[in-house]
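Residues 1 to 351, numbered by full-length UniProt numbering, are exactly what the sequence shown covers, in order.
In short, the hints are calculated from the structure, not lab data.
The beta carbon of each residue, even a glycine, is placed where N, CA and C say it ideally should be.
Errors might be hidden in some of the hints.
Stated by the list, open to error - In the SDA-like style, the derived pairs of lysine to any residue whose C-alpha atoms are separated by at most 20 Å in a straight line are: (1) Lys76 / Asp90; (2) Lys214 / Thr175; (3) Lys105 / His78; (4) Lys336 / Ile139; (5) Lys244 / Ala11; (6) Lys102 / Asp140; (7) Lys244 / Thr37; (8) Lys76 / Pro327; (9) Lys214 / Val168; (10) Lys102 / Gln84; (11) Lys105 / Phe126; (12) Lys13 / Tyr237; (13) Lys76 / Arg340; (14) Lys214 / Pro327; (15) Lys244 / Gln84; (16) Lys13 / Phe42; (17) Lys105 / Ile257; (18) Lys214 / Asp251; (19) Lys336 / Lys13; (20) Lys214 / Pro330; (21) Lys76 / Phe126.
What the hints assert, rightly or not - Here are the simulated distance ranges between beta carbons: (22) Pro101 / Asn68: 28 to 36 Å; (23) Ser210 / Glu106: 37 to 45 Å; (24) Ala2 / Asp172: 21 to 29 Å; (25) Pro27 / Thr349: 33 to 41 Å; (26) Gln297 / Pro101: 33 to 41 Å; (27) Ser3 / Gly305: 40 to 48 Å.
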Amino acid sequence: MASYPHPYSQATKLDSRIALPRPIYDPDLVEVLDATTIPEDFDLDLMRGISKDEHQCPHGDTEDMIFNADTILRDKPHLLHEEQTIPGPDGNTIILSIFKPKESKETARPVLYHMHGGGLVSGDRFTALTPIIDLLEGIDCVVVSVEFRLSPETPQPGPSEDCYTGLVWISDNATSLGINPAQIVLFGISGGGIVAAAICLMARDRKNPSVPIKGLMLYAPQLDDRCETLSDLQFEYGNPTSTKWVRACWDLVLPNIRGTSQVTPYQAPARAEDYSNLPSTYIDAGECEVLRDQAVQFATNMWRGGSTCELHIWPGAYHIFEMINKPEHPLIQSAKAAKRNWFQRIMTTKA
């Protein structure tokens, strides 16, 4: 499968299909970016790690991107891991991975409920979990990561309902988990942002859990199936996470209805009309990525609805740029510090 034919940093000069002006990539991120070899055409097998094609992602050494319970515990020896299996909404089974500190504590801990990336078509509950736990350094908390069903095998709202079922179970079983039900913080990265935002809407609308969610972090979130924003148009080509790929994911997640009036907020959160009474939220995205304006619009709608949101757009950055193996980069340091600061404020204050 053919890779994009130009260096991404030179795309606006070399790719005649790019007609709109757009921000330039950060020069210090270009070396890794231009080493990326992602095919132009969407490849589900590649996303699921079963493609025979050799491609290099923009996040560095693939060996550093292998995640499972063993690799997480190797890097985080202070944690214990246990699995909990619960009934799903459609007679399916949902697996929750629970990571908690080995050291016992008399008072209940806050909890981060994690929904992985992968566009709702790939990934699992361990995907990129270690760098997320890194952001919680210094916070005495529990991390729960959910294994939700993927599309196209299970279209939306199946994945959202799985994640919502997990949320309700966490709240209902807070005492046995040693967590405070008033300190549940949701986290969704990339495609995980779809389900994380959706279950916030579900929890508000269904009034369950009865205790409101404390906070929501949407890390470079995918939110809008219509793919019609300015950034969608700007980065249709010449970007490792192109509009073409994002649109293809949505076509699998919402077969035959993507972009139509049939799509509900529980399927694509940007379809919501009411953004009131949502938890305190953190949203960020790169300036040079497709999902930028979806993030900005969601934050704007939250403010319009009277909810509170901290928004960051990182200049010259592409999708999930912080995952690259370049921790000394000032922009990467700033982006990580902003997330850590928000977690500290949300998870260490009393409910």
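Okay, the hints, checked on the actual structure:
Only pairs whose Cα atoms come within 20 Å are accepted, and Lys76 paired with Asp90 is rejected, the gap being roughly 34 Å. Restraint check for Lys214 and Thr175: the C-alpha separation of about 17 Å stays at or below 20 Å, so the hint holds. Only pairs whose Cα atoms come within 20 Å are accepted, and Lys105 paired with His78 is accepted, the gap being roughly 14 Å. For the hint linking Lys336 to Ile139, the alpha-carbon distance of about 15 Å falls within 20 Å, and the restraint holds.
For the suggested pair Lys244 and Ala11, the alpha carbons sit about 15 Å apart, so the restraint of at most 20 Å is met. About 11 Å separates the Cα atoms of Lys102 and Asp140, which keeps this hinted pair within 20 Å; it holds. Taking the CA atoms of Lys244 and Thr37, the gap is about 16 Å. The hint holds against a cut of 20 Å. Taking the CA atoms of Lys76 and Pro327, the gap is about 18 Å. The hint holds against a cut of 20 Å.
Our distance criterion of 20 Å between C-alpha atoms is met by Lys214 and Val168, whose separation comes to about 14 Å. For the suggested pair Lys102 and Gln84, the alpha carbons sit about 17 Å apart, so the restraint of at most 20 Å is met. Note on Lys105 and Phe126: the hinted pairing is violated, with a Cα-Cα distance of about 25 Å set against a maximum of 20 Å. Distance restraint check for Lys13 and Tyr237: the Cα-Cα separation of roughly 12 Å lies within the 20 Å cut-off, and the hinted pair is therefore satisfied.
Simply put, Lys76 and Arg340 have alpha-carbon atoms about 17 Å apart, close enough for the 20 Å limit, and the pair holds. This hinted pair does not check out: Lys214 and Pro327 have alpha carbons roughly 30 Å apart, beyond 20 Å. Proximity of Lys244 to Gln84 is assessed by CA-CA distance (about 37 Å); at most 20 Å being required, the pair is judged violated. Only pairs whose Cα atoms come within 20 Å are accepted, and Lys13 paired with Phe42 is rejected, the gap being roughly 24 Å.
Restraint check for Lys105 and Ile257: the C-alpha separation of about 48 Å exceeds 20 Å, so the hint is violated. Between Lys214 and Asp251, the direct Cα distance comes to roughly 32 Å. Violation of the 20 Å bound is thereby established for this hinted pair. Between Lys336 and Lys13 the alpha-carbon distance is near 31 Å, which puts this suggested pair outside the 20 Å criterion. Note on Lys214 and Pro330: the hinted pairing is violated, with a Cα-Cα distance of about 30 Å set against a maximum of 20 Å.
Our distance criterion of 20 Å between C-alpha atoms is met by Lys76 and Phe126, whose separation comes to about 13 Å. For Pro101 and Asn68, the hinted distance range of 28 to 36 Å is not satisfied, since their beta carbons lie about 20 Å from each other. For Ser210 and Glu106, the hinted distance range of 37 to 45 Å is not satisfied, since their beta carbons lie about 24 Å from each other. The beta-carbon spacing between Ala2 and Asp172, approximately 50 Å, falls outside the hinted interval of 21 to 29 Å.
Look at Pro27 against Thr349: about 39 Å separates their beta carbons, and that is inside 33 to 41 Å. Range check, Gln297 to Pro101: about 38 Å between beta-carbon atoms, so the 33 to 41 Å window is met. For the pair Ser3 and Gly305, the beta carbons lie near 42 Å from each other, so the given range of 40 to 48 Å is met.
Hints 1, 11, 14, 15, 16, 17, 18, 19, 20, 22, 23, 24 from the earlier list are contradicted by this structure; the remaining hints agree with it.
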